[in-house]
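> One letter stands for each residue in the lines below.
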Amino acid sequence: MILASQGELDYLVLECLAERTIALAQLRKLADPAAGYDPLLETRLRALLPLAVRHGFRIVTNMGAAHPLAAGRKVMSLAQELGLHFKIAVLSGDDVLSLLEPDMCTIEARGAPLSEYGTLVSANAYFGAEEMLPALASGAQVVITGRVADPSLFVAPMAHAFQWRVDDWPRLGRGTAIGHLLECAGQVTGGYFAEPGLKDIPNLAQLGFPWCDVDAQGNGVLGKVPGTGGAITLRTVKEQLLYEVTDPGGYITPDVVADFTTITLRESASDRVAIGGAGGRPRTPTYKVSVGYRAGFVGEGEISYAGATAVARARLAGEIVRERLRDDVPDMRTEVIGVDSAHRTDYGHAEPYEARLRVAARTATRELAERVGAEVEALWINGPAGGGGVRRYAQERIGVVSLLLDRSRVRPRVTVLEEDRETQAA
Amino acid sequence: MKRKLHELAHARAGDKGDTLTLALIAYREADYALLRERVTAQAVKRHLGHIVQGDVRRYELANLHALQFVCERALDTGVTTSLALDPHGKTLSYALLEMVIEA
Chain A
1 MILASQGELD YLVLECLAER TIALAQLRKL ADPAAGYDPL LETRLRALLP LAVRHGFRIV
61 TNMGAAHPLA AGRKVMSLAQ ELGLHFKIAV LSGDDVLSLL EPDMCTIEAR GAPLSEYGTL
121 VSANAYFGAE EMLPALASGA QVVITGRVAD PSLFVAPMAH AFQWRVDDWP RLGRGTAIGH
181 LLECAGQVTG GYFAEPGLKD IPNLAQLGFP WCDVDAQGNG VLGKVPGTGG AITLRTVKEQ
241 LLYEVTDPGG YITPDVVADF TTITLRESAS DRVAIGGAGG RPRTPTYKVS VGYRAGFVGE
301 GEISYAGATA VARARLAGEI VRERLRDDVP DMRTEVIGVD SAHRTDYGHA EPYEARLRVA
361 ARTATRELAE RVGAEVEALW INGPAGGGGV RRYAQERIGV VSLLLDRSRV RPRVTVLEED
421 RETQAA
Chain B
1001 MKRKLHELAH ARAGDKGDTL TLALIAYREA DYALLRERVT AQAVKRHLGH IVQGDVRRYE
1061 LANLHALQFV CERALDTGVT TSLALDPHGK TLSYALLEMV IEA
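Protein chains in written order, with the numbering used here: chain A, 1 to 426; chain B, 1001 to 1103.
Hints are not guaranteed to be accurate.
Stated by the list, open to error - Quick list of in silico lysine to aspartate or glutamate cross-link-like pairs, EDC-like style, CA-CA up to 16 Å:
1) B/1090 / A/244
2) B/1016 / A/247
3) B/1016 / A/19
4) B/1002 / B/1037
5) B/1090 / A/340
6) A/199 / B/1037
7) B/1090 / A/195
8) B/1004 / A/346
9) B/1016 / A/354
10) B/1016 / A/244
Hints in this document: simulated from the structure, not taken from any laboratory.
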């Protein structure tokens, strides 16, 4: 809200979709045909629409999730309720579930065909900036999308404002680097960075979100509103630049193959970092598609031990549960939180005062998943001495795999909503 | 002299499916050459071998004084189906920083 009201923004981008989010949204849409967009859409846009009018910025968001058109209609009704005149553009067509065939191969390590996975629940192509351009060209103050590559949400306003060609690879590459830095918001302003005494960040509780002042060449300066918490330094920017990048010399998005190995960073002032120099090569002929499938169930149970021999009692408890469930729940792991749950080893660190056993297992049914926690709970009666604080969980898992689909098979659509009219823009 | 990477560099983990990325960034520009020499892909594979089932690739980013490690089959089948308490492997940046090198 501080960024929206004091950031002097032209565009405010809300990136809200993790890898699995659309699959979960699709399940909500199956249960309720009017649902399927981000549940926080109403709360966020109710607060932001009046600010967009007052400060003259446009809103771009992928909160449409599995149902962008329903999200667009929701925002239109919100605007009308607030007495505001809004034009809204919706990008859809990323849902490609009907195009999938069982023999299509995934791009995950083994390249297994889709038929090896459970029932498919969703498939969404990652659109890029080009697919969003008609939405921006329509003059809409709010642009709502489903699945769009995170950096592309930021590249689209740049390409629109500066009239970049969709094959201007160097500029798209530079814009992509900036989009990648902005897509996790507070992670570039000192969020997810602090380590007391070594990497201190001031006032994290009031963490400021970033803006970037981009020029027509695609170079930019990152900053945040003065007085907000956090920090923008070479260190925070470097960590974010490499976050989730599996090939820094060839970062593939729907818009471009970007090269981060030539990027230059410079602290131009306090909490200001200038970025430029990223490279760009022609984009690939395919869309990446994220496919959600039913991946069975997971059951978990946890129990704490404390004081002398805490770790030994937690380990004994784990062995007991493993033995009791050996036949029915073979795909299980046991670990001790406080010792080896995060890194599967303690790298020789000293033993902690308290320890918490965690048991987790993949199962084919919810009933078996429930049994995992039930066996941990039974340790209260039938396990080692002094265990307490049991928590148990059992839930269905939705897995995600990816594949590539030729661009020509997918039809992006832009719908423009104005008062009570809906028209196709592309 | 033996030194922990924690004294020399900061790190950030990221995830893509069953692939883990680990960025190792020198605090001081001058230490980048040492990291580049000692923290090889093979050394990281040895250090994290109980977690990383597949190959480790290393990318050098001299412009950032950073090394990027891309570790295949590292997240117990992937973020969405892992049994780990931390399915994204986000805490693993600090596992890398536990590595000891000759410096």
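> Compare the structure with each hint and give your call.
Hints versus structure:
Taking the CA atoms of residue 1090 of chain B and residue 244 of chain A, the gap is near 11 Å; set against the 16 Å cutoff, the hint holds. Only pairs whose Cα atoms come within 16 Å are accepted, and residue 1016 of chain B paired with residue 247 of chain A is accepted, the gap being roughly 12 Å. About 9 Å separates the Cα atoms of residue 1016 of chain B and residue 19 of chain A, which keeps this hinted pair within 16 Å; it holds. For the given pair, residue 1002 of chain B sits about 14 Å from residue 1037 of chain B by alpha-carbon distance, which is consistent with the 16 Å threshold.
For the hint pairing residue 1090 of chain B with residue 340 of chain A, the CA-to-CA distance comes to about 15 Å; that is within 16 Å, so the pair holds. A distance of roughly 25 Å separates the Cα atoms of residue 199 of chain A and residue 1037 of chain B; the hinted pair therefore is violated under the 16 Å criterion. Distance check on the hinted pair: residue 1090 of chain B and residue 195 of chain A sit about 15 Å apart at the alpha-carbon level, within 16 Å; holds. As the CA atoms of residue 1004 of chain B and residue 346 of chain A are separated by approximately 15 Å, the hinted pair is consistent with the 16 Å bound.
Between residue 1016 of chain B and residue 354 of chain A, the direct Cα distance comes to roughly 33 Å. Violation of the 16 Å bound is thereby established for this hinted pair. For the hint linking residue 1016 of chain B to residue 244 of chain A, the alpha-carbon distance of about 6 Å falls within 16 Å, and the restraint holds.
Violated hints, listed in ascending order, are 6, 9; each of the other numbered hints is respected by the structure.
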